[in-house]
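Peer 1: Sequence:
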Amino acid sequence: MNNRILDTFNTDPAVNLAMEEALLLQNPPVPTLFLWQNAHTVVIGRGQNAWRECRSDLLLKEGGTLVRRSTGGGAVYHDLGNLNFSFVMPGALYDVPRQLDVIRAAVARFGIAAVASGRNDIVLKDSGAKFSGNAFRHTPGASLHHGTLLMDVDVSKLGRYLQPSRAKLDAKGVQSVRARVGNLKELAPHISLPDLKTALFLAFQQEYGKADSHPIQDLVPQDQLDRLTAKYRDWDWTFGKTPPFDLTLEQRFPFGSMEIHLRLKNAQITGITCYTDANDPDLAQRLEEALMGCPFTPNAMQSRLSNSPHPENQQVGAWLGQTSL
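Going by our numbering, the sequence shown opens with residue 1, and the numbers climb by one from there.
Read the hints as simulated data drawn from the structure, not as lab findings. These numbers were taken from a predicted model, which means no experiment stands behind them. Beta carbons: idealized from backbone N, C-alpha and C, even for Gly. One thing to keep in mind: the hints can contain errors.
List time: in silico DSS-like cross-link candidates among lysine-lysine, alpha-carbon distance up to 30 Å [claimed, not checked]:
no., residue 1, residue 2
1, Lys-61, Lys-130
2, Lys-61, Lys-125
3, Lys-185, Lys-125
4, Lys-130, Lys-241
5, Lys-125, Lys-197
6, Lys-210, Lys-61
7, Lys-197, Lys-185
8, Lys-197, Lys-130
9, Lys-231, Lys-241
10, Lys-210, Lys-241
11, Lys-185, Lys-157
12, Lys-185, Lys-130
13, Lys-210, Lys-197
14, Lys-157, Lys-125
15, Lys-241, Lys-197
16, Lys-231, Lys-265
17, Lys-61, Lys-241
18, Lys-197, Lys-231
19, Lys-231, Lys-61
20, Lys-241, Lys-157
21, Lys-157, Lys-210
22, Lys-130, Lys-157
Cβ-Cβ distance ranges computed for the label pairs, FRET-style [as the list claims (entries may be wrong)]:
no., residue 1, residue 2, range
23, His-190, Gln-224, 38 to 44 Å
24, Thr-139, Thr-273, 42 to 48 Å
25, Val-96, Trp-237, 23 to 29 Å
26, Ala-318, Leu-202, 52 to 58 Å
27, Asn-299, Arg-263, 18 to 24 Å
28, Pro-140, Asn-299, 37 to 43 Å
29, Arg-227, Pro-189, 55 to 61 Å
30, Gln-163, Pro-140, 37 to 43 Å
Turn these sequences into a full structure, and let the hints steer you where they fit.
Peer 2: Spelled out as C-alpha coordinates, the structure:
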(Lines of atoms letter the chains of each structure in order from A and count residues from 1; the text may use other names and numbers.)
(Lines give C-alpha, C1' and ligand atoms only; values in the text may rest on other atoms or scores of the structure.)
Protein backbone atom coordinates (compact mmCIF):
# COMPACT_ATOMS: atom_id res chain seq x y z
CA MET A 1 0.00 0.00 0.00
CA ASN A 2 1.22 3.52 -0.78
CA ASN A 3 2.17 6.05 1.85
CA ARG A 4 -0.81 7.92 3.29
CA ILE A 5 -1.62 11.55 4.04
CA LEU A 6 -4.64 12.02 6.31
CA ASP A 7 -6.47 15.09 7.53
CA THR A 8 -9.54 15.70 9.66
CA PHE A 9 -11.77 18.64 10.50
CA ASN A 10 -12.70 17.08 13.84
CA THR A 11 -11.54 19.14 16.84
CA ASP A 12 -12.60 16.78 19.66
CA PRO A 13 -9.35 15.66 21.34
CA ALA A 14 -10.70 12.27 22.46
CA VAL A 15 -11.76 11.41 18.91
CA ASN A 16 -8.47 12.61 17.43
CA LEU A 17 -6.38 10.59 19.88
CA ALA A 18 -8.60 7.59 19.19
CA MET A 19 -8.09 7.91 15.43
CA GLU A 20 -4.36 8.24 15.93
CA GLU A 21 -4.17 5.12 18.11
CA ALA A 22 -6.29 3.14 15.66
CA LEU A 23 -3.83 4.02 12.89
CA LEU A 24 -0.92 2.91 15.09
CA LEU A 25 -2.57 -0.46 15.77
CA GLN A 26 -3.33 -1.27 12.13
CA ASN A 27 -1.72 -4.40 10.74
CA PRO A 28 0.19 -4.18 8.49
CA PRO A 29 1.33 -0.66 9.36
CA VAL A 30 1.39 1.93 6.57
CA PRO A 31 3.69 4.99 6.51
CA THR A 32 1.28 7.79 7.43
CA LEU A 33 1.23 11.52 8.08
CA PHE A 34 -1.93 12.51 9.98
CA LEU A 35 -2.81 16.18 10.61
CA TRP A 36 -5.34 17.24 13.24
CA GLN A 37 -6.39 20.03 15.60
CA ASN A 38 -7.91 20.21 19.06
CA ALA A 39 -10.05 23.09 20.31
CA HIS A 40 -9.26 24.64 23.73
CA THR A 41 -7.52 21.60 25.21
CA VAL A 42 -4.71 20.72 27.58
CA VAL A 43 -3.03 17.42 26.74
CA ILE A 44 -0.88 15.79 29.41
CA GLY A 45 1.69 13.04 28.93
CA ARG A 46 1.10 9.40 29.80
CA GLY A 47 3.01 9.54 33.08
CA GLN A 48 2.02 13.00 34.29
CA ASN A 49 0.07 14.31 37.25
CA ALA A 50 -2.74 16.52 35.94
CA TRP A 51 -2.86 18.63 39.10
CA ARG A 52 0.83 19.42 38.96
CA GLU A 53 0.81 20.29 35.26
CA CYS A 54 -2.22 22.52 34.80
CA ARG A 55 -5.13 24.30 36.40
CA SER A 56 -7.49 21.54 35.36
CA ASP A 57 -10.56 22.76 37.21
CA LEU A 58 -10.20 26.28 35.77
CA LEU A 59 -9.81 24.82 32.28
CA LEU A 60 -12.96 22.74 32.64
CA LYS A 61 -14.95 25.63 34.12
CA GLU A 62 -14.00 27.76 31.13
CA GLY A 63 -15.22 25.21 28.61
CA GLY A 64 -11.93 23.47 27.90
CA THR A 65 -11.02 19.80 27.79
CA LEU A 66 -8.27 17.88 29.57
CA VAL A 67 -7.03 14.65 28.01
CA ARG A 68 -4.19 12.23 28.71
CA ARG A 69 -2.39 10.94 25.64
CA SER A 70 -0.69 7.56 25.27
CA THR A 71 2.80 8.99 24.71
CA GLY A 72 5.26 10.42 27.20
CA GLY A 73 6.49 13.98 27.40
CA GLY A 74 5.04 17.11 28.92
CA ALA A 75 1.80 19.06 29.04
CA VAL A 76 0.77 21.20 26.07
CA TYR A 77 -2.06 23.60 25.28
CA HIS A 78 -3.94 23.20 21.99
CA ASP A 79 -6.28 25.61 20.26
CA LEU A 80 -7.13 26.18 16.61
CA GLY A 81 -3.97 28.23 16.19
CA ASN A 82 -2.02 25.00 16.63
CA LEU A 83 -1.68 22.14 14.13
CA ASN A 84 -0.76 18.65 15.31
CA PHE A 85 1.10 16.13 13.19
CA SER A 86 1.43 12.38 13.67
CA PHE A 87 3.91 10.12 11.90
CA VAL A 88 2.81 6.49 12.09
CA MET A 89 5.67 4.45 10.68
CA PRO A 90 6.57 0.76 10.35
CA GLY A 91 9.55 -0.15 12.47
CA ALA A 92 11.98 -0.29 9.54
CA LEU A 93 11.10 3.25 8.43
CA TYR A 94 10.85 4.90 11.83
CA ASP A 95 13.60 7.53 12.02
CA VAL A 96 13.08 10.57 14.25
CA PRO A 97 15.72 12.83 12.62
CA ARG A 98 14.23 12.05 9.22
CA GLN A 99 10.73 12.82 10.46
CA LEU A 100 11.92 16.07 12.00
CA ASP A 101 13.45 16.97 8.64
CA VAL A 102 9.94 16.84 7.16
CA ILE A 103 8.80 19.47 9.68
CA ARG A 104 11.86 21.63 9.13
CA ALA A 105 11.46 21.44 5.35
CA ALA A 106 7.79 22.40 5.60
CA VAL A 107 8.38 25.54 7.66
CA ALA A 108 11.39 26.44 5.49
CA ARG A 109 8.91 27.05 2.65
CA PHE A 110 7.82 30.12 4.64
CA GLY A 111 11.37 31.34 5.18
CA ILE A 112 11.55 29.96 8.72
CA ALA A 113 14.80 28.35 9.84
CA ALA A 114 14.26 25.69 12.51
CA VAL A 115 16.53 23.32 14.42
CA ALA A 116 15.99 20.32 16.67
CA SER A 117 16.65 20.99 20.35
CA GLY A 118 17.18 18.38 23.03
CA ARG A 119 15.22 15.16 22.66
CA ASN A 120 11.74 16.46 21.97
CA ASP A 121 11.62 20.01 20.61
CA ILE A 122 11.94 22.01 17.42
CA VAL A 123 12.84 25.67 17.93
CA LEU A 124 13.23 28.80 15.85
CA LYS A 125 16.89 29.05 14.90
CA ASP A 126 17.22 32.79 15.50
CA SER A 127 15.42 33.13 18.83
CA GLY A 128 15.47 29.61 20.26
CA ALA A 129 11.74 29.84 20.93
CA LYS A 130 9.98 26.48 20.89
CA PHE A 131 7.20 26.00 18.34
CA SER A 132 7.03 22.20 18.30
CA GLY A 133 7.07 19.71 21.16
CA ASN A 134 7.27 16.03 20.23
CA ALA A 135 6.44 12.72 21.91
CA PHE A 136 6.69 9.05 20.99
CA ARG A 137 5.19 5.59 21.42
CA HIS A 138 6.33 2.19 20.17
CA THR A 139 4.41 -1.03 19.49
CA PRO A 140 5.74 -4.33 18.10
CA GLY A 141 4.60 -3.43 14.59
CA ALA A 142 4.86 0.34 14.32
CA SER A 143 5.91 3.53 16.07
CA LEU A 144 4.21 6.87 16.63
CA HIS A 145 5.90 10.26 16.57
CA HIS A 146 3.58 13.20 17.07
CA GLY A 147 3.95 16.86 17.89
CA THR A 148 2.59 20.37 17.88
CA LEU A 149 3.11 23.23 15.45
CA LEU A 150 2.37 26.55 17.12
CA MET A 151 1.20 28.70 14.25
CA ASP A 152 -0.92 31.32 16.03
CA VAL A 153 -1.72 29.90 19.47
CA ASP A 154 -3.24 32.13 22.15
CA VAL A 155 -0.16 32.29 24.38
CA SER A 156 -2.09 34.04 27.15
CA LYS A 157 -4.30 30.97 27.55
CA LEU A 158 -1.28 28.71 27.28
CA GLY A 159 0.24 30.52 30.24
CA ARG A 160 -3.09 30.69 32.06
CA TYR A 161 -3.72 26.95 32.09
CA LEU A 162 -0.24 25.43 32.14
CA GLN A 163 0.37 26.30 35.75
CA PRO A 164 0.43 23.87 38.65
CA SER A 165 -2.07 24.11 41.46
CA ARG A 166 -1.22 26.74 44.03
CA ALA A 167 -1.81 24.14 46.71
CA LYS A 168 1.23 22.54 48.33
CA LEU A 169 1.91 19.48 46.22
CA ASP A 170 4.31 16.59 46.78
CA ALA A 171 3.78 14.52 43.66
CA LYS A 172 5.25 11.70 41.69
CA GLY A 173 4.99 11.72 37.92
CA VAL A 174 6.94 13.32 35.11
CA GLN A 175 6.95 17.11 35.41
CA SER A 176 6.95 19.30 32.30
CA VAL A 177 9.99 21.42 31.54
CA ARG A 178 8.77 24.94 30.78
CA ALA A 179 10.29 26.51 27.69
CA ARG A 180 9.85 29.85 25.96
CA VAL A 181 7.46 29.37 23.06
CA GLY A 182 6.99 31.18 19.77
CA ASN A 183 4.37 31.21 17.05
CA LEU A 184 5.33 30.69 13.41
CA LYS A 185 3.28 33.77 12.53
CA GLU A 186 5.84 35.90 14.34
CA LEU A 187 8.29 35.19 11.50
CA ALA A 188 5.80 34.52 8.70
CA PRO A 189 2.77 36.81 9.29
CA HIS A 190 0.95 35.60 6.18
CA ILE A 191 1.15 31.88 6.98
CA SER A 192 -2.25 30.17 6.97
CA LEU A 193 -3.47 26.79 8.14
CA PRO A 194 -4.20 25.49 4.59
CA ASP A 195 -0.77 26.67 3.44
CA LEU A 196 0.96 24.96 6.35
CA LYS A 197 -0.89 21.71 5.67
CA THR A 198 0.07 21.85 2.00
CA ALA A 199 3.71 22.46 2.93
CA LEU A 200 3.67 19.41 5.20
CA PHE A 201 2.06 17.23 2.52
CA LEU A 202 4.72 18.28 -0.01
CA ALA A 203 7.60 17.82 2.43
CA PHE A 204 6.36 14.36 3.43
CA GLN A 205 6.15 13.22 -0.19
CA GLN A 206 9.53 14.74 -1.00
CA GLU A 207 11.04 12.63 1.80
CA TYR A 208 9.07 9.38 1.43
CA GLY A 209 7.65 9.38 -2.09
CA LYS A 210 4.13 9.58 -3.45
CA ALA A 211 1.34 9.42 -0.89
CA ASP A 212 -2.39 8.86 -1.26
CA SER A 213 -4.93 11.05 0.47
CA HIS A 214 -7.82 9.30 2.23
CA PRO A 215 -10.76 10.33 4.43
CA ILE A 216 -9.63 8.93 7.76
CA GLN A 217 -13.14 7.68 8.51
CA ASP A 218 -12.73 5.15 5.69
CA LEU A 219 -9.66 3.66 7.38
CA VAL A 220 -10.82 3.22 10.99
CA PRO A 221 -13.67 0.82 11.89
CA GLN A 222 -16.42 2.68 13.72
CA ASP A 223 -16.60 0.19 16.59
CA GLN A 224 -12.87 0.54 17.24
CA LEU A 225 -13.11 4.33 17.03
CA ASP A 226 -15.99 4.36 19.52
CA ARG A 227 -14.12 2.12 21.96
CA LEU A 228 -10.92 4.16 21.84
CA THR A 229 -12.80 7.46 22.07
CA ALA A 230 -14.54 6.22 25.22
CA LYS A 231 -11.12 5.39 26.68
CA TYR A 232 -9.78 8.91 26.14
CA ARG A 233 -12.96 10.47 27.57
CA ASP A 234 -12.95 8.28 30.65
CA TRP A 235 -12.27 10.00 33.98
CA ASP A 236 -10.29 6.99 35.17
CA TRP A 237 -7.92 7.28 32.19
CA THR A 238 -7.41 11.02 32.52
CA PHE A 239 -7.31 11.38 36.30
CA GLY A 240 -7.29 7.84 37.68
CA LYS A 241 -3.97 7.16 35.95
CA THR A 242 -2.38 9.98 37.92
CA PRO A 243 0.59 8.74 39.97
CA PRO A 244 0.13 8.79 43.78
CA PHE A 245 0.71 12.18 45.37
CA ASP A 246 0.21 14.21 48.53
CA LEU A 247 -1.51 17.59 48.68
CA THR A 248 -1.96 20.25 51.34
CA LEU A 249 -4.87 22.71 51.22
CA GLU A 250 -5.12 25.71 53.55
CA GLN A 251 -7.88 28.25 54.18
CA ARG A 252 -9.13 30.62 56.88
CA PHE A 253 -12.82 30.52 57.77
CA PRO A 254 -14.99 32.52 60.20
CA PHE A 255 -14.73 29.58 62.61
CA GLY A 256 -10.92 29.41 62.36
CA SER A 257 -8.08 28.24 60.14
CA MET A 258 -8.09 24.88 58.35
CA GLU A 259 -5.21 22.79 57.00
CA ILE A 260 -6.06 19.59 55.13
CA HIS A 261 -3.38 17.05 54.21
CA LEU A 262 -4.49 14.61 51.54
CA ARG A 263 -2.93 11.43 50.22
CA LEU A 264 -4.24 10.48 46.80
CA LYS A 265 -3.97 7.34 44.71
CA ASN A 266 -5.77 6.78 41.42
CA ALA A 267 -7.27 10.25 41.97
CA GLN A 268 -9.10 9.18 45.13
CA ILE A 269 -8.52 10.31 48.70
CA THR A 270 -6.82 7.38 50.44
CA GLY A 271 -5.54 9.30 53.44
CA ILE A 272 -6.56 12.55 55.12
CA THR A 273 -5.49 14.51 58.18
CA CYS A 274 -7.14 17.80 59.15
CA TYR A 275 -5.75 20.46 61.48
CA THR A 276 -7.82 23.37 62.76
CA ASP A 277 -7.97 25.88 65.58
CA ALA A 278 -11.78 25.83 65.51
CA ASN A 279 -13.61 25.60 68.82
CA ASP A 280 -15.49 22.49 67.66
CA PRO A 281 -13.29 19.58 68.86
CA ASP A 282 -14.96 17.07 66.50
CA LEU A 283 -14.65 19.09 63.28
CA ALA A 284 -11.40 17.53 62.06
CA GLN A 285 -12.64 13.97 62.61
CA ARG A 286 -15.96 14.70 60.87
CA LEU A 287 -14.18 16.06 57.80
CA GLU A 288 -11.77 13.13 57.69
CA GLU A 289 -14.57 10.58 57.88
CA ALA A 290 -16.66 12.38 55.25
CA LEU A 291 -13.87 12.78 52.69
CA MET A 292 -12.06 9.45 53.00
CA GLY A 293 -12.42 7.50 49.75
CA CYS A 294 -13.91 10.47 47.90
CA PRO A 295 -12.95 11.07 44.24
CA PHE A 296 -10.61 14.05 44.10
CA THR A 297 -12.88 16.46 42.25
CA PRO A 298 -14.35 19.73 43.57
CA ASN A 299 -17.94 18.60 42.96
CA ALA A 300 -17.47 15.24 44.68
CA MET A 301 -15.83 16.75 47.74
CA GLN A 302 -18.48 19.46 48.05
CA SER A 303 -21.23 16.87 47.69
CA ARG A 304 -19.78 14.84 50.58
CA LEU A 305 -20.00 17.85 52.90
CA SER A 306 -22.93 19.94 51.68
CA ASN A 307 -25.65 17.84 53.34
CA SER A 308 -24.04 17.92 56.76
CA PRO A 309 -26.10 19.51 59.56
CA HIS A 310 -22.90 21.23 60.72
CA PRO A 311 -22.32 24.69 59.17
CA GLU A 312 -18.54 24.30 59.41
CA ASN A 313 -18.69 21.19 57.20
CA GLN A 314 -20.84 23.08 54.72
CA GLN A 315 -18.39 26.01 54.62
CA VAL A 316 -15.45 23.69 53.99
CA GLY A 317 -17.46 21.91 51.30
CA ALA A 318 -18.32 25.18 49.55
CA TRP A 319 -14.63 26.15 49.59
CA LEU A 320 -13.50 22.80 48.18
CA GLY A 321 -16.18 23.06 45.49
CA GLN A 322 -14.70 26.35 44.29
CA THR A 323 -11.06 25.38 44.61
CA SER A 324 -9.09 25.50 41.36
CA LEU A 325 -7.16 22.23 41.37
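Peer 1: Each hint needs a verdict: does it hold in this structure or not?
Peer 2: A quick look at each hint next to the structure:
1. Lys-61 <-> Lys-130: 28 Å, holds
2. Lys-61 <-> Lys-125: 37 Å, violated
3. Lys-185 <-> Lys-125: 15 Å, holds
4. Lys-130 <-> Lys-241: It holds: about 28 Å lies between the C-alpha atoms, which stays within 30 Å.
5. Lys-125 <-> Lys-197: Holds, at roughly 21 Å.
6. Lys-210 <-> Lys-61: This hinted pair is violated, its Cα atoms lying about 45 Å apart.
7. Lys-197 <-> Lys-185: 14 Å, holds
8. Lys-197 <-> Lys-130: 19 Å, holds
9. Lys-231 <-> Lys-241: Distance ~12 Å between Lys-231 and Lys-241 Cα, so the pair holds.
10. Lys-210 <-> Lys-241: 40 Å, violated
11. Lys-185 <-> Lys-157: 17 Å, holds
12. Lys-185 <-> Lys-130: Measuring from Cα to Cα gives roughly 13 Å; hence the hint holds.
13. Lys-210 <-> Lys-197: Holds - the C-alpha atoms of Lys-197 and Lys-210 are around 16 Å apart, at most 30 Å.
14. Lys-157 <-> Lys-125: 25 Å, holds
15. Lys-241 <-> Lys-197: 34 Å, violated
16. Lys-231 <-> Lys-265: 19 Å, holds
17. Lys-61 <-> Lys-241: Holds: Lys-61 and Lys-241 sit about 22 Å apart, inside 30 Å.
18. Lys-197 <-> Lys-231: Answer holds: Lys-197 to Lys-231 is near 29 Å, not above 30 Å.
19. Lys-231 <-> Lys-61: OK: Lys-231 and Lys-61 at ~22 Å, within 30 Å.
20. Lys-241 <-> Lys-157: With Cα atoms ~25 Å apart, Lys-241 and Lys-157 stay inside 30 Å; holds.
21. Lys-157 <-> Lys-210: 39 Å, violated
22. Lys-130 <-> Lys-157: The given pair, whose Cα atoms are some 16 Å apart, holds under the 30 Å limit.
23. His-190 <-> Gln-224: 38 to 44 Å: 40 Å, holds
24. Thr-139 <-> Thr-273: 42 to 48 Å: For Thr-139 and Thr-273 the Cβ distance comes to about 43 Å; the hint holds.
25. Val-96 <-> Trp-237: 23 to 29 Å: 27 Å, holds
26. Ala-318 <-> Leu-202: 52 to 58 Å: Hint holds: Cβ distance 57 Å, inside 52 to 58 Å.
27. Asn-299 <-> Arg-263: 18 to 24 Å: Once the Cβ atoms are compared, 20 Å apart, the range 18 to 24 Å for Arg-263 and Asn-299 holds.
28. Pro-140 <-> Asn-299: 37 to 43 Å: The hinted range 37 to 43 Å holds for Pro-140 and Asn-299, with Cβ atoms some 41 Å apart.
29. Arg-227 <-> Pro-189: 55 to 61 Å: Violated - the Cβ-Cβ distance for Arg-227 and Pro-189, about 43 Å, lies outside 55 to 61 Å.
30. Gln-163 <-> Pro-140: 37 to 43 Å: 38 Å, holds
In the structure shown, a violation is registered for the earlier hints numbered 2, 6, 10, 15, 21, 29, in ascending order.
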